[in-house]
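Asker: What follows is each chain in one-letter form.
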Amino acid sequence: KAGVTQTPRYLIKTRGQQVTLSCSPISGHRSVSWYQQTPGQGLQFLFEYFSETQRNKGNFPGRFSGRQFSNSRSEMNVSTLELGDSALYLCASSLDRFSYEQYFGPGTRLTVT
Amino acid sequence: AQKVTQAQTEISVVEKEDVTLDCVYETRDTTYYLFWYKQPPSGELVFLIRRNSFDEQNEISGRYSWNFQKSTSSFNFTITASQVVDSAVYFCALSEMLRAGNNRKLIWGLGTSLAVNP
Chain R
1 KAGVTQTPRY
11 LIKTRGQQVT
21 LSCSPISGHR
31 SVSWYQQTPG
41 QGLQFLFEYF
51 SETQRNKGNF
61 PGRFSGRQFS
71 NSRSEMNVST
81 LELGDSALYL
91 CASSLDRFSY
101 EQYFGPGTRL
111 TVT
Chain D
1001 AQKVTQAQTE
1011 ISVVEKEDVT
1021 LDCVYETRDT
1031 TYYLFWYKQP
1041 PSGELVFLIR
1051 RNSFDEQNEI
1061 SGRYSWNFQK
1071 STSSFNFTIT
1081 ASQVVDSAVY
1091 FCALSEMLRA
1101 GNNRKLIWGL
1111 GTSLAVNP
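Just so you know, the sequences run in chain order R and D.
Start counting the first sequence at 1; every next residue gets the next number (the working numbering).
Start counting the second sequence at 1001; every next residue gets the next number (the working numbering).
Be aware that one or more of the hints could be misleading.
[What the hints assert, rightly or not] Quick list of in silico lysine to aspartate or glutamate cross-link-like pairs, DMTMM-like style, CA-CA up to 20 Å:
id, chain 1, residue 1, chain 2, residue 2
1, D, Lys1070, D, Glu1056
2, D, Lys1038, D, Asp1018
3, R, Lys57, D, Glu1096
4, R, Lys13, R, Glu82
5, D, Lys1038, R, Glu101
6, R, Lys57, R, Glu101
No wet-lab data here; the hints were simulated from the structure.
Please work from the sequences and hints to get the whole structure.
Answerer: Here you go:
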């Protein structure tokens, strides 16, 4: 079974731009969560999607948004990029909302200059 | 508030040494789950173990073992006879029990970077 895939793997953007990251969950998995990982803050929960609906949200500004498609693929968007948005963005898929096992993708390394 | 503390930022050992990674957590929940994940240089987080708050039995899986002590709010991870391939960042995480309406989000420690040298 193919794992969680994230594209692109690396991205360099400038301040003020916007970016869209993509995540394809494991086949059959319907829940997708997003995390931001930085050296200073560690891993922080962004949001979770299930059945095309955002179910949970972390403490991030409205510049961070996401969506999920009918095939469970998910995208997250960051608008008006700031230097502090430089991070590794990890996507995790789960079978459903109540499954504790989360399978992580390799992440997208975003650098904002 | 929930919190996970991994006091050891970096650990360096020589191959075949045993090493213990500490994890201390705080929660007001009576039911919760604790996790350990491994993040190798490739970046992908790998699930190692999940333990619920009702089960304080220690667990052993090959060279890995976990010691859960509710009385001290600790969930420590020991690697026996470490190998170079164990070099990675290890994260401890906490989650409340999943019920309808609950937030699945994991609360993560900042991780312990383990370097196993040949």
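Asker: Given the hint that lysine 57 of chain R pairs with glutamate 101 of chain R, does the C-alpha gap stay at or below 20 Å?
Answerer: 19 Å, holds
Asker: Can the restraint linking lysine 1038 of chain D and aspartate 1018 of chain D be considered satisfied, given a maximum Cα separation of 20 Å?
Answerer: Satisfied, since the Cα-Cα distance of roughly 17 Å is no more than 20 Å.
Asker: Tell me if the straight-line CA distance from lysine 1070 of chain D to glutamate 1056 of chain D falls inside 20 Å.
Answerer: 7 Å, holds
Asker: Hey, lysine 57 of chain R versus glutamate 1096 of chain D, does the alpha-carbon distance stay inside 20 Å?
Answerer: 15 Å, holds
Asker: Between the alpha carbons of lysine 1038 of chain D and glutamate 101 of chain R, is the straight-line distance 20 Å or under?
Answerer: Holds, because 14 Å separates the two Cα atoms, which is no more than 20 Å.
Asker: Is the hinted pair lysine 13 of chain R and glutamate 82 of chain R satisfied, with a Cα-Cα distance of at most 20 Å?
Answerer: Roughly 10 Å between the alpha carbons, so the hint for lysine 13 of chain R and glutamate 82 of chain R holds.
In this structure, every one of the numbered hints holds.
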